[in-house]
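Novice: Chain by chain, the residues:
Protein chains: 2
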Amino acid sequence: MPRAVVLLSGGLDSATTLAIAKDSGYECYCLSFNYGQRHDIELDKAKQIASAMGAASHKVVTLDIGQFGGSALTDDNIEVPKDVDTEEIPVTYVPARNTILLSIALGYAETIDAKAIFIGANAVDYSGYPDCRPEFIQAFAEVARLGTKEGVEGRPITIEAPLIDLTKAEIIKKGTALGVPYELTWSCYSGGEKACGHCDSCRLRLKGFAEAGLKDPVPYEV
Amino acid sequence: MPRAVVLLSGGLDSATTLAIAKDSGYECYCLSFNYGQRHDIELDKAKQIASAMGAASHKVVTLDIGQFGGSALTDDNIEVPKDVDTEEIPVTYVPARNTILLSIALGYAETIDAKAIFIGANAVDYSGYPDCRPEFIQAFAEVARLGTKEGVEGRPITIEAPLIDLTKAEIIKKGTALGVPYELTWSCYSGGEKACGHCDSCRLRLKGFAEAGLKDPVPYEV
Numbered sequence: 007m008p009r010a011v012v013l014l015s016g017g018l019d020s021a022t023t024l025a026i027a028k029d030s031g032y033e034c035y036c037l038s039f040n041y042g043q044r045h046d047i048e049l050d051k052a053k054q055i056a057s058a059m060g061a062a063s064h065k066v067v068t069l070d071i072g073q074f075g076g077s078a079l080t081d082d083n084i085e086v087p088k089d090v091d092t093e094e095i096p097v098t099y100v101p102a103r104n105t106i107l108l109s110i111a112l113g114y115a116e117t118i119d120a121k122a123i124f125i126g127a128n129a130v131d132y133s134g135y136p137d138c139r140p141e142f143i144q145a146f147a148e149v150a151r152l153g154t155k156e157g158v159e160g161r162p163i164t165i166e167a168p169l170i171d172l173t174k175a176e177i178i179k180k181g182t183a184l185g186v187p188y189e190l191t192w193s194c195y196s197g198g199e200k201a202c203g204h205c206d207s208c209r210l211r212l213k214g215f216a217e218a219g220l221k222d223p224v225p226y227e228v
Numbered sequence: 007m008p009r010a011v012v013l014l015s016g017g018l019d020s021a022t023t024l025a026i027a028k029d030s031g032y033e034c035y036c037l038s039f040n041y042g043q044r045h046d047i048e049l050d051k052a053k054q055i056a057s058a059m060g061a062a063s064h065k066v067v068t069l070d071i072g073q074f075g076g077s078a079l080t081d082d083n084i085e086v087p088k089d090v091d092t093e094e095i096p097v098t099y100v101p102a103r104n105t106i107l108l109s110i111a112l113g114y115a116e117t118i119d120a121k122a123i124f125i126g127a128n129a130v131d132y133s134g135y136p137d138c139r140p141e142f143i144q145a146f147a148e149v150a151r152l153g154t155k156e157g158v159e160g161r162p163i164t165i166e167a168p169l170i171d172l173t174k175a176e177i178i179k180k181g182t183a184l185g186v187p188y189e190l191t192w193s194c195y196s197g198g199e200k201a202c203g204h205c206d207s208c209r210l211r212l213k214g215f216a217e218a219g220l221k222d223p224v225p226y227e228v
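Residue numbers (the working numbering), protein chains in the order written: chain B, 7 to 228; chain C, 7 to 228.
Keep in mind that a hint or two might mislead.
Repeated chains share a single entry, so a pair holds when one copy, or any two copies, can fit it.
Below, in silico cross-link-like pairs of lysine to aspartate or glutamate (DMTMM-like), each with a Cα-Cα straight-line distance of 20 Å or less [to be verified]: (1) K221 with E176; (2) K155 with D131; (3) K155 with E141; (4) K28 with D119; (5) K179 with E217; (6) K121 with E166; (7) K53 with E199; (8) K200 with D50; (9) K53 with E189; (10) K121 with E148; (11) K213 with D171; (12) K221 with E199.
None of these hints come from the bench; they were simulated from the model.
Could you build the full structure based on these sequences and the hints that come with them?
Specialist: Laid out in structure tokens, this is it:
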């Protein structure tokens, strides 16, 4: 079986991406990051998801980019917004996050001779994040082709973003068909025992389940 | 003064790059990495160089990519070769290293509103490293343009690799003219009180000083 590195955050999108990678015939090596995001619950969930979905391995890379600040997700001085709609780049954007995650995944992929990297980037729901757009993914694929020995040897590591054009409802339907244990996934920005239901991420998720005609198995605060 | 992030390893090339960035009118924010390279001496030297050359700041990011293995520089099970000439990608190649360093520099640059990132990549002496070639740097510049809010807003962070086409002798001459304190730089792969003089990196350095008609101020084992 060819190997793939799968970026796994503990959220709904990356769990679905793992299911798609597996269904495409890859042996999956999951990679999560501790980059100062506010809540360890995401990493606990990522570990449970990797195990439940039969990943070959799960590694966590600690990355102290929180020392730079600049994002509500890594900087305690910036508040995570609730119930706000905006067309601008949200404060939850972590500078160059996907570039950083993909680059480390690329180093890992070279080391274990993986053929592909899977990322759950999505351009529909995260339209404000520049590093979730197809043109960004394509540009990074060029970096992978030109910046690695595999690329130089004519067998570049590919960058797969199978969710990039899907709505949240389409993602949930696809994942449900593939048996993703959504009860293990965590999307809320705010942490706590139950999901808040009001942050951007919770609202997107709830809307997605509603549109898919399915019930979100995760508990919410009333 | 516009700001630049300068990747500073503690070696000769990155110190020269810092001097060029400063001479180009940038306020320099230096970034070093602790990625499991064998010797802390490089990071000590980087700190001294940043201070001696009047950098605005120096940060060290710890990155546990050593857990992946795959390089003689981060994996104790792979020996650093001495006095070997090869056309192949050397075992001292760290998978996707420059992609990883540039991506984190990109996140930092976004956070501090820097206009440029300087990297001491060199295609002449490191011809075996795919991520030291001009086409790689250009591909990464596209990632920076497409994957950041600055790029989306039409003012992309530029990637500057001022040494890319220079020989080691040319780098040393340029740096000497700009007053680089080469006595503070460290190039040896093998560590120790004095440089070994036999690893790839020492040999390149000694050859460069000889061709430049200058004396390397760093002490070597006899």
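Novice: Are the hints correct? Go through all of them and say.
Specialist: Evaluation of the provided hints:
1. In this assembly of identical chains, the alpha carbons of K221 and E176 lie at most 20 Å apart only when taken from the same copy (14 Å versus 66 Å across copies).
2. Taking CA atoms no more than 20 Å apart as the test, K155 paired with D131 passes between copies only; the shortest distance there is 17 Å, against 35 Å inside one copy.
3. Proximity of K155 and E141 under a CA criterion of 20 Å is satisfied inter-copy only: 14 Å between copies versus 23 Å inside one chain copy.
4. When the C-alpha separation of K28 and D119 is checked against a cutoff of 20 Å, the pair qualifies only within one copy, where the shortest distance is 17 Å, while the shortest distance between copies is 40 Å.
5. Taking the shortest Cα distances, K179 and E217 sit within 20 Å of each other inside one copy (10 Å), while across copies they are farther apart (65 Å).
6. Taking identical chains as interchangeable, the C-alpha atoms of K121 and E166 lie at most 20 Å apart only when both belong to the same chain, with a minimum of 10 Å there against 30 Å between chains.
7. For a Cα distance limit of 20 Å, the shortest separation of K53 from E199 inside one copy, 18 Å, qualifies, whereas the shortest one across copies, 43 Å, does not.
8. Taking the shortest Cα distances, K200 and D50 sit within 20 Å of each other inside one copy (15 Å), while across copies they are farther apart (45 Å).
9. Taking the shortest Cα distances, K53 and E189 sit within 20 Å of each other inside one copy (13 Å), while across copies they are farther apart (47 Å).
10. Taking the shortest Cα distances, K121 and E148 sit within 20 Å of each other inside one copy (15 Å), while across copies they are farther apart (23 Å).
11. For the homomeric pair K213 and D171, the shortest alpha-carbon distance inside one copy (17 Å) is at most 20 Å, but the shortest distance between copies (53 Å) is not.
12. Taking identical chains as interchangeable, the C-alpha atoms of K221 and E199 lie at most 20 Å apart only when both belong to the same chain, with a minimum of 19 Å there against 64 Å between chains.
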